[in-house]
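Residue numbers (numbering that gives the first Met the number 0), protein chains in the order written: chain A, 0 to 611; chain B, 0 to 207.
Treat the hints with care, since some could be wrong.
[Stated by the list, open to error] Covered stretches of chain B, as calculated for chain A (at least 3 residues, CB under 8 Å):
| id | segment |
| --- | --- |
| 1 | 20-33 |
| 2 | 83-96 |
| 3 | 135-141 |
Simulated from the structure, these hints should not be mistaken for laboratory data.
For every residue, glycine included, the Cβ atom is placed at its ideal position computed from N, Cα and C.
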Amino acid sequence: MDWITTVDHKKIAILYLWAGGFFFGIGGLEAILIRIQLIKPMNTFLDAQTFNELITMHGTTMIFLGVMPVIFALMNAIIPLQIGARDVAFPFLNALGFWTFLFGGLLLNLSWVMGGAPDAGWTAYTPLSSTTYSATHGVDFYTIGLQIAGLGTLIGGINFLATIITMRAPGMSYMRMPMFAWATFITSAIILFAFPAITVGLVLLTFDRILGANFFNPETGGNPVLWQHIFWIFGHPEVYILILPAFGIISEVIPTFSRKRLFGYSSMVFATLLIAFLGFMVWAHHMFTTGLGPVANALFSVSTMLIAVPTGIKIFNWLFTMWGGQVRFTTPNLFAVGFIPTFTMGGVTGVMLASAPADFQFHDTYFVVAHFHYVIVGGLVLGLFAGLHYWWPKMFGRMLSETLGKWTFWTFIIGFHLTFFVQHFLGLMGMQRRVFTYLPNQQFDTLNLVSTVGAGLMGVGMLIFLWNIYITSRKPADAADDPWEDGRTLEWTISSPPPEYNFKQTPLVRGIDAFWKEKLAGHQAMTPSEPVGSIHMPSATLLPFLMSVGIFIAGLGFMFSRDTFGSDVLGFLFNNYIVTGLGLVITFGSMLLRSLFDDHGWHIEPEELEGR
Amino acid sequence: MTTVHAEAGKSALPHEPEKATLEGRNKVLAFWLFLGGEAVLFGTLFATFLALRNSTNDGPSAAELFHLPLVAAATFLLLASSLTSVFAIQAMHRNKPAELRNWLIITVVLGAAFLGLEIYEFSVYVRHEEFGMTTSAFSSAFYTLVGFHGAHVAFGIVWIAILIGQLARKGLTVVTAPKIYVSAMYWHFIDVVWVFIFTVVYLLGKVG
Ligand code: HEM
Ligand SMILES: [Cu+2]
Chain A
0 MDWITTVDHK KIAILYLWAG GFFFGIGGLE AILIRIQLIK PMNTFLDAQT FNELITMHGT
60 TMIFLGVMPV IFALMNAIIP LQIGARDVAF PFLNALGFWT FLFGGLLLNL SWVMGGAPDA
120 GWTAYTPLSS TTYSATHGVD FYTIGLQIAG LGTLIGGINF LATIITMRAP GMSYMRMPMF
180 AWATFITSAI ILFAFPAITV GLVLLTFDRI LGANFFNPET GGNPVLWQHI FWIFGHPEVY
240 ILILPAFGII SEVIPTFSRK RLFGYSSMVF ATLLIAFLGF MVWAHHMFTT GLGPVANALF
300 SVSTMLIAVP TGIKIFNWLF TMWGGQVRFT TPNLFAVGFI PTFTMGGVTG VMLASAPADF
360 QFHDTYFVVA HFHYVIVGGL VLGLFAGLHY WWPKMFGRML SETLGKWTFW TFIIGFHLTF
420 FVQHFLGLMG MQRRVFTYLP NQQFDTLNLV STVGAGLMGV GMLIFLWNIY ITSRKPADAA
480 DDPWEDGRTL EWTISSPPPE YNFKQTPLVR GIDAFWKEKL AGHQAMTPSE PVGSIHMPSA
540 TLLPFLMSVG IFIAGLGFMF SRDTFGSDVL GFLFNNYIVT GLGLVITFGS MLLRSLFDDH
600 GWHIEPEELE GR
Chain B
0 MTTVHAEAGK SALPHEPEKA TLEGRNKVLA FWLFLGGEAV LFGTLFATFL ALRNSTNDGP
60 SAAELFHLPL VAAATFLLLA SSLTSVFAIQ AMHRNKPAEL RNWLIITVVL GAAFLGLEIY
120 EFSVYVRHEE FGMTTSAFSS AFYTLVGFHG AHVAFGIVWI AILIGQLARK GLTVVTAPKI
180 YVSAMYWHFI DVVWVFIFTV VYLLGKVG
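Using the sequences and the hints given, assemble the complete structure.
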């Protein structure tokens, strides 16, 4: 119950972590099944329909329900601490964001047991995703599930923006903010401007499928390429929503374990801003082969290649940070260092793909699959591993085992390169993506086998990580405040895990890497910016959970509103939108309750604070 | 924060009560951000509409369909309601709760009248012109864009109505003021969107 009603950002972080981990596990299983099917030519392990469902759900689950929540977990756990805040700007909305994400994700995955998963690819290209070619409810689960989950992401983004804008500790100017906070800030801004586009896209597709609208149906005047534009106007910025937080994590981990300031801090900030800005101008590089014409292709090609410039700046700054530093290869740092070459390789293939004429060759082959896995897994997932190992003691008060951590790293990264490196060659040799099998003796056989073995090894790495978590959770929670001893930012100045109110006294920030600066000056702790006083806390509430349940019910109701049912009662309830209405009543009722009864919260008094 | 609220007597209300507390400032800021997202949302809907507005699939076209006088009347009502919501905020800043309430009520009534006209308009199209959601890509885009706006109006009406109730129960305080302020921002936003709809959907549909 505690967990269902909590509005504490640190607990919500843990909720995000478990939920994200859960979906990550599902996505991982799907991946393993896909790789088993492709282990040899003409395999009959899966049929084509199941394969389509698996690749669709694998991509969708991983991006929206796997890595995004883990990113949000780290942001929630760390951002208020890093900027010296007692809380986020909207604790209630924070909880609401989590629950809508979770129920959206559950709805999407219900499709497995309710008559067929989505099968039109994670991009749901029309007309493949129309009822003509995808007649089960699968794509409805996709549109409505993602809609609900996306609502949560949008709420989270606005919350982080407001938190970072208004709740920084005194002295923490923008140009003193840790890079992870910057990354969160900019990522949230991208979320704010990218997610509404997919919101509309999903609505239109839902209307096409459930209400018989004609947006994407060419026979009635609709336009399938419109879907691609809307999808990628969201979709390309989305890849930066994924990678910028990883950049932020790497920029925290590398300086800490190099005992040096981040090289080129301000250029890092501006590179991040530039990447975010350019990220909105390049969406059509996913559409070179749809026939936009040479002018459009050339423009999008050049603008895409431009992004390599700020990205390169970042790579060199990390290298220069390590240069001449006292580098310690702890597990987090191993992941961070492993990130650099791996992500760079993904960037290089990105530039190759950005060349429109070349893309006619690469498009829809395993080369693209290799590219985006190098950036998403080799970039983001390695970054998340670095962040999780780095901040685990802060979140849970327990150090993960370094030995197991190193095992995780080596098995995972070797497995990763085995899996995806060879896919570049498969792609260049012409193996198509999204096809459930291939003919023998096209020289695809060995490389596919290698790829599947590599995937197995990555799975082993994940299991070692889970084992590490399990072992660690049985140890006493005795991590030091600053367990890596070279902590540079504010989160390391308070206990691990932090008290409910984070900071007894808001710290005074005197420079970049606030804590490091105090250490250099010979201080053990931050100078407070205020006397000890009574701290206001928001109260726990069930309403965010209820609102999300309501949306979930409404979504299901709407999805089945046009179905015929065996039972009259069910038919009556669904066809007359009674179920939908019930869900909406729950949601809006909860909103009404929220608005009628002010939440005054409660206070922690100074005596209590001193009592610790 | 809360203690301020508890003690805030009538005379103690600050000049800009919506920004008197951190919570209030956060709310206003976050609402600006939210409106940024809403702008993208409507932008995408407009783009969709523009892409599909000539795809009539042998159904009625914009020029055949629209009755500008009706739409102009609706526009007038909505614009007027924006003005009255400005008066409401001015009354709030002068700490006149009764006046504030009256202006809010007028705003809601005008909004409801707009919505009524829109529903009437849609019903005419559906019943007499055989122009429904499924008729053509143009019809789908039309109903979705204009309907989304209408849903926003409906939500705003209910929201402001609830705030009027709250105002009656709790008075004008640093807790209720940010809510009222933010709802007025929302209402202006809806109004601006409508100006675009009027131009892009109706005027452009009639003349070009
Ligand atoms: C930074 C992290 C990045 C991520 C997460 C990412 C992700 C992706 C994804 C998911 C796709 C596949 C789209 C599909 O389903 O067809 C893709 C394709 C593509 N990426 Fe990236 N990418 C990243 C970086 C880059 C960079 C740095 C470039 C170029 C400088 C780039 C250029 C491209 C191009 C041109 C395609 C289209 C290939 C095609 O479909 O034929 N990407 N990327
Ligand atoms: Cu892209």
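Outcome of the hint check:
{"no.": "1", "hint": "20-33", "result": "holds (count 7)"}
{"no.": "2", "hint": "83-96", "result": "violated (count 0)"}
{"no.": "3", "hint": "135-141", "result": "holds (count 6)"}
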